[in-house]
Amino acid sequence: MASINVNELQKSDLPWIIEYDESKCIQCGKCTAACSFNAISPCVEFRKSNSINSPDRKFEKVLVIKQNISLDNYCRGCGMCSNVCPNGAIKAVRNKDDKYSVAYRAQKADSFKKGGRSNLNTEGRTLDKIKIGRISQMTDPSLDAQRHTFELRTPFGRVLKADKLNFDTCGEVLYETTSLPPVSWIYPIIFGDMSIGAVSWRMWEAVAIATAYLNEVMGIPVRMCTGEGGIPTKLLKSRYAKYMILQIASGHFGWNRILKAMPDMTEDPAGIIIKIGQGAKPGDGGLLQASKVARYVQEIRGVPKADLLSPPTHQGLYSIEESVQKMFLSMNAAFNFKVPVAVKVAASVTSVSVYNNLLRDPYNIVGGFFLDGLAAGTGAAHEISLNHTGHPITSKLRDCYLTAVKQGRQGEIPLFAGGGLGQTGSFAADAFKLICLGANGVFTGSMLLETAGCVGSDTGKCNACNTGLCPAGIAAQNDNLVKRLDVDKVAQNIVNYILATDIELKKLMAPIGCSSLPIGRSDALITVDKHISNRLDIQYAC
Amino acid sequence: MTVCKIKTLKNNTRMSTQELLQTISKKIEEGVTDFDIEACGQHDIGGSSWTKSGGSLTFRITNPGQRVGAMAMDGTKIIVEGSAPADVGWLNSGAEITVKGDGGDTSAHCAAGGKIYIGGRTGTRSGALMKHDPKFEPPEFWVLKNTGSFSFEFMSGGIAVICGYDCNELQSVLGNRSCVGMVGGTVYVRGRIYGLASCVETVKLNKFDKDFLKSGMKHFLQNIGRTELEQELLDFSDWCKIVPLPKESKINKITVKEFKAAEWFKDGLFGDLVEDNGEVFSLAQPGKARLRTPVWNKTKCVNCKLCIKNCPQKAIKENYLLIDEKCIGCGICSAVCPVNAWTIS
Chain A
7 MASINVNELQ KSDLPWIIEY DESKCIQCGK CTAACSFNAI SPCVEFRKSN SINSPDRKFE
67 KVLVIKQNIS LDNYCRGCGM CSNVCPNGAI KAVRNKDDKY SVAYRAQKAD SFKKGGRSNL
127 NTEGRTLDKI KIGRISQMTD PSLDAQRHTF ELRTPFGRVL KADKLNFDTC GEVLYETTSL
187 PPVSWIYPII FGDMSIGAVS WRMWEAVAIA TAYLNEVMGI PVRMCTGEGG IPTKLLKSRY
247 AKYMILQIAS GHFGWNRILK AMPDMTEDPA GIIIKIGQGA KPGDGGLLQA SKVARYVQEI
307 RGVPKADLLS PPTHQGLYSI EESVQKMFLS MNAAFNFKVP VAVKVAASVT SVSVYNNLLR
367 DPYNIVGGFF LDGLAAGTGA AHEISLNHTG HPITSKLRDC YLTAVKQGRQ GEIPLFAGGG
427 LGQTGSFAAD AFKLICLGAN GVFTGSMLLE TAGCVGSDTG KCNACNTGLC PAGIAAQNDN
487 LVKRLDVDKV AQNIVNYILA TDIELKKLMA PIGCSSLPIG RSDALITVDK HISNRLDIQY
547 AC
Chain B
5 MTVCKIKTLK NNTRMSTQEL LQTISKKIEE GVTDFDIEAC GQHDIGGSSW TKSGGSLTFR
65 ITNPGQRVGA MAMDGTKIIV EGSAPADVGW LNSGAEITVK GDGGDTSAHC AAGGKIYIGG
125 RTGTRSGALM KHDPKFEPPE FWVLKNTGSF SFEFMSGGIA VICGYDCNEL QSVLGNRSCV
185 GMVGGTVYVR GRIYGLASCV ETVKLNKFDK DFLKSGMKHF LQNIGRTELE QELLDFSDWC
245 KIVPLPKESK INKITVKEFK AAEWFKDGLF GDLVEDNGEV FSLAQPGKAR LRTPVWNKTK
305 CVNCKLCIKN CPQKAIKENY LLIDEKCIGC GICSAVCPVN AWTIS
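Top line first, the protein sequences correspond to chains A and B. So in this note's numbering, spot 181 of the first sequence is number 187, and the numbers just go up one at a time. So in this note's numbering, spot 82 of the second sequence is number 86, and the numbers just go up one at a time.
No lab work stands behind these hints: they were computed from the structure. A few of these clues could be false.
[Unchecked claim] List of simulated lysine to aspartate or glutamate pairs, EDC-like, C-alpha gap at most 20 Å: (1) B:K261 x A:E222; (2) A:K240 x B:D40; (3) A:K311 x A:D485; (4) A:K240 x B:E42; (5) A:K495 x B:D38; (6) A:K240 x B:E267; (7) B:K313 x A:E28; (8) A:K102 x A:D19; (9) B:K309 x A:E66; (10) B:K261 x A:D492.
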């Protein structure tokens, strides 16, 4: 299959090269059977069978495994072939001279799309340059992380200042003169919004089971955001609805079934998130490629099998003020003003203006501000958006928090931060540092995928979430790939990860002497980077 | 033997802790073994003292400061007339310490030997981190009334007896959140308990427990001068003992799988939308789980049998029919076929 024409796609153009050791191969066929991308095939090679120098030209046919050279069926480096090979005869090796994306554009006249991670260089992340440096030793009570009690819950919903509370007294009885905005106290980790469609039905169900289990068995009140792809009606009508945050994004997918189910709901949902933007591809809308629009996805969303594009903006909204008046009002009204309504935007240079405007919301109907940083993952995006648009989460979260502090209004609209948390292996530390910088909590999708067995990386491994061919069954929509995912195991892994994170959060709270969440306790942080110190207003240390 | 009487307040001038302890030490070197000390809040009285001959030392103390009997040793006997502030018997390694009144916070903190008797109540974190060195007798900590909250935190050995006398008004004779992190030892309790840590359990007394309480109670009550209470306190119907839960029983919650089986939707969340019986496919699993299926074109086949010979799963019959349950969809049949009779997709 070698190219003969130099202008055709070459093996050396591909991002991953298959290294195959035929002396170890027993030709069991498992590697080719396991490859979801059809990137390798068995084939027959002609070889000279006698001495290479012999003038007698004798040939034999040899069965070998070869890499396919194709723009569509190419190796993503997922490693399933190595996993399944009994002898270690095959592996994918990164090609540092990869020219695939050039070849793709040159041949298809289309923008290159991918899924997964941003592929920005993760070295030198801001959060990794911040340490918890203020340790209570003899200054204030030191706590024992394993054995003392800690309060990790955080408010979700509009928090009014004491002087804005509408109370009056009648004799000795205190009563509310008008109803207060809904606020619930939840765990500071929200399972981020991955839609039914972006992830497989098994993955979505595993997250839902983990959420229910953590709440009902472990007493840890995590919430799960549905993503913009609807929610199974039976979940909505069940008692588990109260753990679910419903999302509405610009495509408004799935809301028809939600509305039809409302009269039969026994519980209010945990909240609503109006998704304006996402960190992985700010300014661009949702994208679900047709290959992933399986029959059940079509049904829940009410769409045909086609590329599903959510518009970059909500088409009925033209300003922040109008968003508050229309979108927040409608979503508050949907559940009779009993459910917190938050907004999710991509971190951006303009985030502070948006947050400031929302803080002035006169109706007290803005219940949370979710900021998504550029290191966030996504089911599918144009590579150009994924790799070149966005804003890091840390400084923007800090800006928003400090702008509220300057007005004495911190905590009134809870801030939640997300986007690539745990990228360097320390999810709890990332969460903790963002909380100290002013976040009420964090949200994550990629951590869930990691626990589920995602083989991708931030440096270009796999990242084929957009194809529906996810080899781990996580972002797959091919039935046989989806069924590779063990729902019970994934749900248990997510639960275990949260239990571990819970211990680790306490392990960081205890040394700084906090038995409740240290929201805005930036005095606990130090950095060895002078610029970070200046930008975030935290202590420089060396 | 003469008793050494020390008054620590003379002409409105108070002797410092250092002066007092150095005076006691000097007297012990001179052979004094019996002290009457009118203290004035000095710390550490009666602690870390011993005689060269190995004989006993006795301290009768009034108005001590914190840490009376701290690091006190075998052969030391301490009697406090009235109450004592925090840390009575801190790190006690063998002394018999009696406080006739109340004890302060963290009484018996880290005690690993000897006996501590409190004739009243004790404060918060009493009995925290008590230990038992198996080479020696376990420490004992007896309290007539109750303890403050967080008592017996992180206790890892020894015996405590909380008699719950005069505690009818209290919600808990151990305060709130007692026994957090307790991993060893025994706490005998008489009376109501509230807010006990989840790492321990309350158990009924057995014969050994009752015998221990009977024999120890007499001596305790004699020491604090309340022998008239013996009968009332030895009514075992109000007693229980607290011991740490065995490690394996601490994780007694149901697993996610059990939760799913018992509480989740019977046919799964998407049961009405997709066909899914929950089976998990492995990589390269044969049969319906395979990603690709080969198809044989009879008209092209030249009957060379290369496919049959090369199929690693022996999934092709002599008549070229595919055995679906064996085929993993590897594509070798198609690769070896000289005439493209097999296609795989």
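Can you confirm whether the C-alpha distance between A:K240 and B:E267 stays at or below 20 Å? holds (13 Å)
Taking only the CA atoms, is the gap from A:K311 to A:D485 under or equal to 20 Å? Satisfied, since the Cα-Cα distance of roughly 16 Å is no more than 20 Å.
Would the hint linking A:K240 and B:D40 be met if the CA-CA limit is 20 Å? violated (79 Å)
Distance restraint between A:K102 and A:D19, which requires alpha-carbon spacing of 20 Å or less: holds (10 Å)
B:K309 and A:E66: Cα distance at most 20 Å? holds (17 Å)
Do the alpha carbons of B:K261 and A:D492 lie within 20 Å of each other, as the hint requires? Holds: B:K261 and A:D492 sit about 11 Å apart, inside 20 Å.
Take a quick look at whether B:K261 and A:E222 sit within 20 Å of each other, Cα to Cα. holds (14 Å)
Are the Cα positions of A:K495 and B:D38 separated by 20 Å at most? The hint is violated at about 70 Å.
Hinted pair B:K313 and A:E28, Cα distance within 20 Å: holds (19 Å)
Mind checking the alpha carbons of A:K240 and B:E42 for me, to see if they're no more than 20 Å apart? violated (77 Å)
Consistency with the previously given hints fails for numbers 2, 4 and 5, ordered from lowest to highest.
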